[in-house]
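Engineer: Work the whole structure out from these sequences, hints included.
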Amino acid sequence: MSQAAPEPTDQDIEQSTWASRKRIVDAGGLDLAYVEVVGSEPPLVLVHGFTDTSRSFSLLVPHLSGRRLIIPDLRGHGGSQVGEGCSVADFADDIAGLIRRLRLDRPVVVGHSLGGMVSIALAAQYPDLIGGLVILASAQKPDFRSHHQLIDGVAALRDPISPSDPFYDWWHACQPGVPQAFLAGLAQDASAIPAARWRAILEEIRRTDLTAAARTVRVPTLIIAGGRDPLFGEAHQQALSQAIIGSRLVWARDCGHNPHWEDPAFVAAIIGRAFGNDDIW
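Residue numbers for the sequence shown follow this note's numbering, so the first one is 1284 and each next one is one higher.
Derived by calculation from the structure, the hints in this document are not laboratory data.
Among the hints, a few may not be true.
[Claimed, not checked] Only pairs whose alpha carbons sit at most 16 Å apart, straight line, appear in this in silico EDC-like list of lysine to aspartate or glutamate:
| hint | residue 1 | residue 2 |
| --- | --- | --- |
| 1 | Lys1424 | Glu1487 |
| 2 | Lys1424 | Glu1486 |
| 3 | Lys1424 | Glu1517 |
| 4 | Lys1305 | Glu1319 |
| 5 | Lys1424 | Asp1492 |
Computed from a prediction, not measured in an experiment: that's the story for all the values here.
Structural biologist: Below you can see the structure in the form of structure tokens.
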């Protein structure tokens, strides 16, 4: 007798239906896909990292219960249009267009990794649009040198990219306990991006230097860093916190590059304390 398949968990269902929750908005000539969660103002705009989609924040969403959330797919990722450019400035322009199109009133922008760089550029270029920043596992100036594991790994990718490619074991590495359905969804989303686009976006990231832009940021800024982050370590975080006047740096000591996957309750609590009822600014 064959064994019955296990019942799907809530997380299995959440991940399998995530894409169906997306809406489309014209963010200034480019269609962006986004997920919206109804809640109190001011909203949080959650901006994902390189090769991720809005799914990247799906584990964080339950811990931000009661808050309005806007979670877009960056151009060229997920359900959003590709557009012509893929620089950090292009991504920032899109998020500015999204904020205007949805008539968001000075939202707090939460950016992870590439999304953190986008958030810095957004705050520098459009200071009147946002009310605060949360920069999660990011940097103002990446220093990925030749033969870095990320550089070599992306260079080796070939279309069609398999969701089971061994590269994901490193790229999506995190502490035990992160749901497998979530990680599988991330790999599926990333594999839908052509290898040439991976390389083009990564090249834009490598040439990005937001040092001057970070020094112009004047909104309240929270920096959350993973104590075991293999991409952006302590030197990156200290440089960023020194550049942004009045910023606060908080360490998720046991986390790597993705604290919002590994310890979403902690990340949500810190965000809530900084930009919620217990506003620390």
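Engineer: If a hint holds in the structure, say so; if it doesn't, say that too.
Structural biologist: Tested hints:
no. : hint                 : result
1   : Lys1424 with Glu1487 : holds, 11 Å
2   : Lys1424 with Glu1486 : holds, 13 Å
3   : Lys1424 with Glu1517 : holds, 13 Å
4   : Lys1305 with Glu1319 : holds, 8 Å
5   : Lys1424 with Asp1492 : holds, 5 Å
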